Amino acid sequence: MLTLTFFSLGITITALIVPGRWLWPSLLVQSSILPLITLILLLPHHSSSTWHTLSTSLATDSLSSPLIILSAWLLPLSLLASRQHLSKEPLARQRSYLTLLSSLVLSLIITFSALDLILFYIAFEATLVPTLIVITRWGNQPERLQAGTYFLFYTLFGSFPLLISLLSLLSLTSSASIPLSSLNDLSTLEFSNPSLALWWIASIIAFLAKLPIYGLHLWLPKAHVEAPIAGSMILAAILLKLGGYGLVRITALFSLPNSFASEPIITFCIWGGLITSIICIRQTDMKALIAYSSVGHMSLVAAGIFSETTWGLNGALILMIAHGLISSALFCLANLSYERTFTRTLSLNRGLKLITPLSAAWWLIVSAANLALPPTPNFSGELLIVTNLISWNPWTALFLGLTALFTAIYSLYLYQSSQHSPNPSSFKKISQTLTIEHLNIFLHLTPLILLIGKPELISLAW
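My numbering numbers the first residue of the sequence shown as 20 and each following residue consecutively.
Honestly, the hints are just simulated from the structure, not real lab data.
Treat the numbers as computed from the prediction; the structure is a model and nothing was measured.
A portion of the hints provided could be inaccurate.
Label pairs and their in silico Cβ distance ranges [to be verified]:
hint, residue 1, residue 2, range
1, Leu-110, Tyr-432, 37 to 45 Å
2, Gly-370, Phe-25, 46 to 54 Å
3, Gln-103, Pro-38, 17 to 25 Å
Where a beta carbon is used, it is the ideal one built from N, C-alpha and C, also for glycine.
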């Protein structure tokens with residue numbers, strides 16, 4: 020694990036010291052090597068039922084390995100998507116931007132592989148700083164400051180209860196190691212179920228805000244709309260998954276009170292997924308629609324995690340990985356349209372199929388995957404979660420069915436409104452798409468194609 024960590028740190032240092040003319044080539048080459056290193060180190064152990072200890076403080080298991088690979092995979096793709104956006108920026112600002120992105124991925128890798136709860140908390144909070152700077156410094160509109168404020172408030176809102184909870188856990192169990200810390204034996208401490216439930220809720224509130232579920236989601240659409248392309252990609256693809264990862268870890272520690280408190284949260288997540296699906300239909304901004312769709316999908320992930328069954332947890336992991344790739348691809352396609360039409364309004368982005376037909380094909384494929392069309396991994400993950408939730412309570416079938424219906428409506432609406440209909444006369448001078456942009460989308464879909472043929476690459480071996 021130290022090899023992976025130091026190589027990620029080397030990318031950050033390279034962004035700071037390399038001469039200007041070699042800045043982009045060196046960063047692209049190094050960031051492209053990073054996924055290969057992660058695959059070599061982690062893929063042989065992805066299905067191990069035990070921790071694969073690679074250093075005294077860092078280790079991986081079947082939950083963290085896919086998320087680390089996803090983080091490494093998306094770094095070069097976010098750099099490719101940002102190059103044209105930053106081409107007119109001064110060299111110092113380009114260097115700062117690349118340094119922040121590489122340091123963000125380094126923090127994510129440490130978070131996903133931390134063996135110690137305190138190290139996990141520090142790395143989890145460290146992801147806040149580069150993300151906040153990217154949103155507030157490289158956003159396109161003055162509202163980026165408000166978006167940064169919302170992001171900071173919601174993140175810190177859940178951080179303090181989490182810190183107090185982890186310190187309390189450390190004092191009670193005398194161990195901060197994630198594999199060893201457990202509250203299964205708290206019956207000897209004479210805590211009542213309501214007290215444990217409150218402790219558990221204080222521990223998970225930070226992760227529910229990071230996912231986010233409906234009600235704690237107000238920061239996400241603002242952050243996505245104002246963030247630059249790389250910020251939106253990493254935010255949707257990886258940072259949201261920090262919430263899911265943290266929920267799985269904390270739920271495993273607090274196994275005693277879950278039956279008391281998880282049922283209302285599962286119900287709220289299912290209801291929130293339905294509401295956000297309806298909200299998506301009323302959106303006029305491409306990025307806002309994609310952001311709200313992420314809230315709906317992550318609500319389903321949270322419901323699967325709180326069910327605490329093998330099907331629910333495996334479905335949540337599969338959906339997190341698949342959604343990470345698809346949402347990042349959607350933001351890439353939205354940025355591809357924005358760089359040519361200079362608007363994200365759906366009513367103004369019309370008839371692009373006639374101008375950029377290959378991009379329209381990408382839109383169709385990615386939109387189909389977003390609505391969980393078979394045989395995509397999105398379908399596999401949602402099928403596992405939905406089947407599990409219906410067996411938990413048959414009444415959930417009604418709400419989950421309506422959620423699937425509205426998800427199909429807004430996904431097809433996003434494709435139809437942007438690619439069909441007569442295009443405005445001002446679009447006749449739109450430049451054609453570049454090969455590197457199509458390569459970026461193809462590299463997003465490559466892991467999904469692999470997972471269709473080999474779905475066992477993502478499965479919890481617990």
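Status of the hints after comparison with the structure:
1. Leu-110 - Tyr-432: 37 to 45 Å: 42 Å, holds
2. Gly-370 - Phe-25: 46 to 54 Å: With Cβ atoms ~50 Å apart, the hint holds.
3. Gln-103 - Pro-38: 17 to 25 Å: 21 Å, holds
Checked against the numbered hints listed earlier, the structure breaks none of them; every hint is satisfied.
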